[in-house]
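Working from the sequences, and respecting the hints, build out all of it.
So you can see what is in the structure, the chains are spelled out below.
There are 2 protein chains.
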Amino acid sequence: MNIAVEKVTSSKINEVDFDNLAFGSVFSDHMLECTYKNGAWETPKIVPYQPITLDPSSKIFHYGQSIFEGMKAYKDKDGGVWLFRPLENQKRLNISAKRMAIPELPEEYFMEGLTSLLQVDKNWIPENDGSSLYIRPFMFASGNGFHASPADEYKFIIATAPSGAYFSGKVRVLIEEKYSRSANGGVGFAKAGGNYAGQFYPTQLAKAKGYQQVIWTDDNTHEYIEEAGAMNIFVRINDTLITGPTSDRILDGITRKSILDIAADEGIKAEVRKISVAEVVAAAKSGELKEMFGAGTAAVVSPISGFGHQGTDYDLPELENSYAMQLKKRITDIQYNRAEDKFGWRYRVI
Amino acid sequence: MNIAVEKVTSSKINEVDFDNLAFGSVFSDHMLECTYKNGAWETPKIVPYQPITLDPSSKIFHYGQSIFEGMKAYKDKDGGVWLFRPLENQKRLNISAKRMAIPELPEEYFMEGLTSLLQVDKNWIPENDGSSLYIRPFMFASGNGFHASPADEYKFIIATAPSGAYFSGKVRVLIEEKYSRSANGGVGFAKAGGNYAGQFYPTQLAKAKGYQQVIWTDDNTHEYIEEAGAMNIFVRINDTLITGPTSDRILDGITRKSILDIAADEGIKAEVRKISVAEVVAAAKSGELKEMFGAGTAAVVSPISGFGHQGTDYDLPELENSYAMQLKKRITDIQYNRAEDKFGWRYRVI
Chain A
1 MNIAVEKVTS SKINEVDFDN LAFGSVFSDH MLECTYKNGA WETPKIVPYQ PITLDPSSKI
61 FHYGQSIFEG MKAYKDKDGG VWLFRPLENQ KRLNISAKRM AIPELPEEYF MEGLTSLLQV
121 DKNWIPENDG SSLYIRPFMF ASGNGFHASP ADEYKFIIAT APSGAYFSGK VRVLIEEKYS
181 RSANGGVGFA KAGGNYAGQF YPTQLAKAKG YQQVIWTDDN THEYIEEAGA MNIFVRINDT
241 LITGPTSDRI LDGITRKSIL DIAADEGIKA EVRKISVAEV VAAAKSGELK EMFGAGTAAV
301 VSPISGFGHQ GTDYDLPELE NSYAMQLKKR ITDIQYNRAE DKFGWRYRVI
Chain B
1 MNIAVEKVTS SKINEVDFDN LAFGSVFSDH MLECTYKNGA WETPKIVPYQ PITLDPSSKI
61 FHYGQSIFEG MKAYKDKDGG VWLFRPLENQ KRLNISAKRM AIPELPEEYF MEGLTSLLQV
121 DKNWIPENDG SSLYIRPFMF ASGNGFHASP ADEYKFIIAT APSGAYFSGK VRVLIEEKYS
181 RSANGGVGFA KAGGNYAGQF YPTQLAKAKG YQQVIWTDDN THEYIEEAGA MNIFVRINDT
241 LITGPTSDRI LDGITRKSIL DIAADEGIKA EVRKISVAEV VAAAKSGELK EMFGAGTAAV
301 VSPISGFGHQ GTDYDLPELE NSYAMQLKKR ITDIQYNRAE DKFGWRYRVI
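From first to last, the protein sequence lines are chains A and B. For the first sequence, full-length UniProt numbering assigns the number 1 to the initial residue and increments by one for each residue that follows. For the second sequence, full-length UniProt numbering assigns the number 1 to the initial residue and increments by one for each residue that follows.
It is possible that part of the hints are untrue.
Derived DSSO-like pairs: lysine-lysine, alpha-carbon spacing no greater than 30 Å straight-line [as the list claims (entries may be wrong)]:
hint: 1; chain 1: B; residue 1: K12; chain 2: A; residue 2: K178
hint: 2; chain 1: A; residue 1: K328; chain 2: A; residue 2: K122
hint: 3; chain 1: B; residue 1: K12; chain 2: A; residue 2: K37
To be clear, the hints were calculated from the coordinates, so they are not data collected in a lab.
Shown next, in the form of C-alpha cells:
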C-alpha cells in the first residue's frame, strides 16, 4: 500500500518539555487520516496534525457514533521502537466498529498506517523512563443529517501524544451503587465514546468525596464488581488474584489479559470469576484483601490505595512485594524491550 | 441580551424544494452559536450556517460528551410562527447536560437565542401541511485532550432544517430481546449522543428482517416494554391507552406527556404503568390489542402497523377512528394554531 506523506514545514518538537509530560495533551507533528466514502475506506494518508472541519449536522455531534483505541509506542535504550500486541487493538477496533454500526477497517490500513506514522514521527517517542508515545486511533461519523441512523461517511484518524503517567499520586476508588456504566446487551464491551461521557458525572461526584475513580458494578443488583471505566480491576485476596470475566458490559482489556498470562507464568494463582462487593468488603475487614489494582493501556498497572463503599473507607496495606509491582515490572520490561518476550507480544516498528 | 447577527451574503433558500422535504437534510441559512470557555457561557451569536473546526483531540471525537434536543417551529395560515412547549426542551437540555457533565446553559441564552434565530430565518419555516422547521439545539465537548475526563470547553449550537415526515410508509417494530438501549443508573433518560449510536446496529439487524424500529425492553429481563429510541411507545388494549413510566432508562418525552394530557381531556382512559411483553402478545392474540403508536417530536404520533416477537409477526388492525389519529389531530391542531390551546402549550415567536 502506498501511503502518501505530507510533512510539516517546521516541527513543533522543540517546544515540548519531554521531562515533564502530562498525559495526552501535546500532539506529534503528524496524523494518519483515512476517509470512508461511497461504501469504501480510501487509502490512508499521513498529513500534518491539523484541525478537522465538519458540517454542524455531522452525526458525530448528535448521535455519538464514535469509537477509539488506546495504544503506546515504546523506545528501547538502543532507539528501537516497539508496539505491544497491536493486532489486538486492530481487532478490537473492528469489534467496536461493528457494534456501533461503523464500517470495519481493513487490517493493513490500520497496521501499515500506524507503522508509517510512527516512522515519520519517531522523534516524538519519549526515551524517559515511564514515558511513551500514547497512540490514539479513532473513528467517527462524519456524514451529515438530523436523522437518527448511521452516517454514510466516516473518518479514521491516528493521532499520537508523547505522554507521562495517566494517574499522578495515589488512586482511591469508590464502589458505585447508584449509577452504572453499561447495560446487558448494551455497548459496554466496545470502546464507544458514549461509554466514557456517561461516567464523567458519577466520577465527578466521587472526586468530590476524595476518590479518583469509580468501580462500576452491575446495573441490576450492584452486587458485582465490573471495571473502572479507564481500566479493568484486579483484586488480591490472600495470595489469589481475581478479576471479573469479560462480558457485553466489560471491556476485553489487552493489559488485563496480558496480566493473566504473566500471572500464570509467574506462578501467581489467578481466577477469572465474578467478584461480589460483599466478598471484597469482607476480605478488607478480615485483612485478607491484600491488593487491588487497575490494568489498562493508559493506566498500565495502577495500585489502588483504598476504596469507599456505603460511606465507609477501607485502606489497603502497602506491600513491599506486591503483585501489582511484580506484574507491572514484568509487563513494562516486555513493552520497553528490557526482557525476554516469551509470549511474542512485542511488535518491532523501527 | 444583545445577540449579534452576522447575515449570509446570499440565501440558499431558492435551492430548496419545499414541496418535497426529507427529514433534517437541508439546513437554513443561519445558526446560533454559543461557546463555553473559562468557566462561563459567552453571549450567543447568530452566524451563517457554516462548518465547525475542531482539534483532532477534541473530546467530542473520543468520549461522546454530547447532547441534543429536537423541536419544531410551526407556521400558521396567517404567517404566525409557533413553538410547542419550548421551556420543556430547555429544561431537559440542562437535565441531559448535568448527567453528561456538561455545563448547564442559562434559560435566556436558549430562549432568546432560539427566538432570534427563528426571526432571522423565518422564511425557512415551511407552510405546507405536515411540514415544519425542525430545530436541533445541541451541545458538545470542544475542549481538547486524550484524558477521559470532562472537557474545559463546549459549544452550544442551534441549527434548523425545513423537514417533512420522519417516517415514510408503515412502521413495523421488533420487540428486542437481546440488545438493550440503557442501563439502570445509566444515561437513558438523557438525550445523550451515545444513546442513539448504540441503537444503530440492533436497528440494522431489525431492518434486515423488515422492521423500521426496535422496541427496547429492560436490559435485565427483557420482559417490559420501554421505548423505541426515536419515540416513546403507547399501547391500546381494548379502550385503554397504556405507556410505560419514565425512569432513568426512558426519555421523558414532551410529546408523550402532552398525549397523556390530551387523552385525559378527550376522555380516553390512559394508564402509566409497566407494560409487559407478555401482556402485549396475549392481547395481540386475543384481538384486544387495538393500536400501538410512537410519540416524539420528530415522529409526532406514528401508528405502528405490526410487531415481531420471538420470530412471530403480529399485525394490528387498521381502525377508522384510531386513538393515534384522534390524538395526532388534536396535538398538531394545537401546534399549528388551528385550534384552541387550553393547555397553554403554544409559544408565539412571530
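Okay, the hints, checked on the actual structure:
no., hint, result
1, B:K12 / A:K178, "49 Å, violated"
2, A:K328 / A:K122, "25 Å, holds"
3, B:K12 / A:K37, "25 Å, holds"
Checked against the numbered hints given earlier, the structure breaks only hint 1 and satisfies all the rest.
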